[in-house]
Amino acid sequence: MDYFFDEQQKTIRDLARRIAEERILPVRAELDEKEEFPWDIVKDLAAADMFRVFVPEEYEGLGGGCLELCLVVEELSRVCSGVAVTYAASALGCMTLMEYGTDEQKKKFLPDIASGKKLTAFAITEPTAGSDAGNIKTTAEKVEGGYLLNGTKQFITNGGEAEIYTAIALTDKSKGARGASAIIVEKDTPGFTFGKKEKKLGIRTSATRELVFKNCLVPEENLLGKPGLGFIQAMRLFDRSRPGIGAQAVGLAQGALEAATDYAQQRVQFDQPLITMPVVQNMLADMDIQVEAARALVYSAARYVDSGAKNVTEESAMAKVFASDAAMKVTVDAVQICGGSGYMRDYPVEKMMRDAKILQIYEGTNQILRHAIAINLRKRKARTA
Amino acid sequence: MNIVVCLKQVPGTTEVKIDPQTNTLIRQGIENIINPFDTYAIEEGVRLKEKDGGKVTVITMGPSQAEAALRESISLGADEAVLLSDNAFRGADTRATAFTLSCAVKKLDNYDLIICGRQTIDGDTGQVGPELAEMLDVPFVAYVSRIEDIKDGYLRVKRMVEEGHEILETTLPAVITVAKEINVPRLPSLRGITKSKSAKIDTWGIQELSVDESMVGLPGSSTQVIKIFFPQRVHQAEILEGNVENQVDTLIDRLKNAGLC
Chain C
26 MDYFFDEQQK
36 TIRDLARRIA
46 EERILPVRAE
56 LDEKEEFPWD
66 IVKDLAAADM
76 FRVFVPEEYE
86 GLGGGCLELC
96 LVVEELSRVC
106 SGVAVTYAAS
116 ALGCMTLMEY
126 GTDEQKKKFL
136 PDIASGKKLT
146 AFAITEPTAG
156 SDAGNIKTTA
166 EKVEGGYLLN
176 GTKQFITNGG
186 EAEIYTAIAL
196 TDKSKGARGA
206 SAIIVEKDTP
216 GFTFGKKEKK
226 LGIRTSATRE
236 LVFKNCLVPE
246 ENLLGKPGLG
256 FIQAMRLFDR
266 SRPGIGAQAV
276 GLAQGALEAA
286 TDYAQQRVQF
296 DQPLITMPVV
306 QNMLADMDIQ
316 VEAARALVYS
326 AARYVDSGAK
336 NVTEESAMAK
346 VFASDAAMKV
356 TVDAVQICGG
366 SGYMRDYPVE
376 KMMRDAKILQ
386 IYEGTNQILR
396 HAIAINLRKR
406 KARTA
Chain U
1278 MNIVVCLKQV
1288 PGTTEVKIDP
1298 QTNTLIRQGI
1308 ENIINPFDTY
1318 AIEEGVRLKE
1328 KDGGKVTVIT
1338 MGPSQAEAAL
1348 RESISLGADE
1358 AVLLSDNAFR
1368 GADTRATAFT
1378 LSCAVKKLDN
1388 YDLIICGRQT
1398 IDGDTGQVGP
1408 ELAEMLDVPF
1418 VAYVSRIEDI
1428 KDGYLRVKRM
1438 VEEGHEILET
1448 TLPAVITVAK
1458 EINVPRLPSL
1468 RGITKSKSAK
1478 IDTWGIQELS
1488 VDESMVGLPG
1498 SSTQVIKIFF
1508 PQRVHQAEIL
1518 EGNVENQVDT
1528 LIDRLKNAGL
1538 C
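Those protein sequences? They're chains C and U, same order as listed. The first sequence: position 324 = 349 (our numbering), numbered continuously. The second sequence: position 14 = 1291 (our numbering), numbered continuously.
Bear in mind the hints are in silico, worked out from the structure with no lab data behind them. Predicted model, so just to flag it, every value in this text is computed and none were measured. Heads up, none of these hints are tricks.
The following label-pair restraints were derived from C-beta to C-beta distances: (1) C:K59 / U:Q1484: 55 to 65 Å; (2) C:G88 / U:G1482: 39 to 49 Å; (3) U:T1471 / C:E129: 27 to 37 Å.
In this text, a Cβ means the ideal position worked out from N, Cα and C, and glycines have one as well.
Just chain C, with the same shape it has in the complex (with noise of 0.2 Å):
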């Protein structure tokens, strides 16, 4: 389908995809084997301007909104979806700084994360705070000379990898999700380590690991924004990232769905190809259905997001579960599809299969989004009733 992409979109998609099909596809199951973070990949990427395409212009990058971070983490998914997120979570770390820093931070910090020289990371998460992300423990205590941050972060993408980390820490206790503010820490800072590096099921590339913070002081000039609004600053981020995933579902998705169809124009059983026994076709057929139309939402989604929109909350939730299920769906049916061969380390659709669990778990469950998009539709029934 045309999705009516202007030239500069589909420069940055095209070379996206060369990057993917040229540079990543011939390490990937290497990467995944090894689960080594793609520090040549990621060089790859800064050369090719790729982490300018989220940065605003004045701080030395593209300009691009949602839409064209969604064309880059969408083509890397399609050939390797812990690739696309190491990418997507250097968007993400940055985006509070973008929306909420003042033109000193960003001057500071913008220019180095556009070269690609510096990866960021964003941390919320805690052992005690996941779908309750206001229930976090971590404290930025206010001292003299800055914030003393202690606590830990848990599950945190780029961990150890990243240079730059947007963390949300309470400023005041007292307060709970109210009294959170979103702090810049910067790698090396004293009482800043890391902690365990997580091994997951899939997405294995990517670096998952513990932040620890044990009296870590922090300069008062990385507060981003007001005082005691970090939590309001990590929701309205989410809203603004989760067609992100909703991309990498996608990509995944088209990946799995191309690698199935070629063997099943390949495999022969009964004297002939499996794309032309119908059962397999209905398969193929849904599977194209369900990813083209979740490719059509995130597009809407993120294009609503860059249109200026002040509540995307329920648009960005419907792009990023109706494609997240899609593509496990879809990444379970390509190996069903293969067969033995699917399921065996030689094919990359099993890696398919395991990299599409987290896109339901991450950024939000697809359980607590679907509460999200219920609370909205009460409250429209409200306004109208």
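Based on the hints, put chain U in the right spot on chain C.
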């Protein structure tokens, strides 16, 4: 350091078809690419510039659509590009091509190093580089796999030979052809692509180069393609009968008749 990179646009496939009437490649429907060996030349030029400053000028001779190859070179980091295009250049062999390139290089006036790919994937001759050096009367080194040192008027390179490597030093200006071992070419960047779309590309013909038509194209060529054909593959097998002595005698007769012994 002023670096000139010569490149050629070639069909992006090895399965080309030949028009039996004209003995030329059928280019319709085939995507054109920068000759893969030339991408190493562009990359090396850009790396030298990034390290020591200066500029990279890319030159190609070809039809107007070869401009796409030059724009791609700019997206990869080249600074300036010149397209040598003129009806008079048609039918050029390697000598006429090298001559035309040499005229363009002279017109550029100021250069330190010319880098070419080791050969093209369509013509496969590997002759244009050395011929260009000869016509410019500057030193030439082929199959360079590493530039060890380069400074004003001096170049030290490692080159591949059949059973190992040679280290050579030469004065500059010089022409080198590079092997694929020299680097891993980068992909274009988004900013590079944007720049390449609006870059000004000069087109030079016989007037701009001030050359006589008889020196370029088909008239300026020492060789001419008379016919291009795919060798016919004929597989025939014959099992010789009789005892060993008879078989040997028959075999020798056959080989003698075939002029093979």
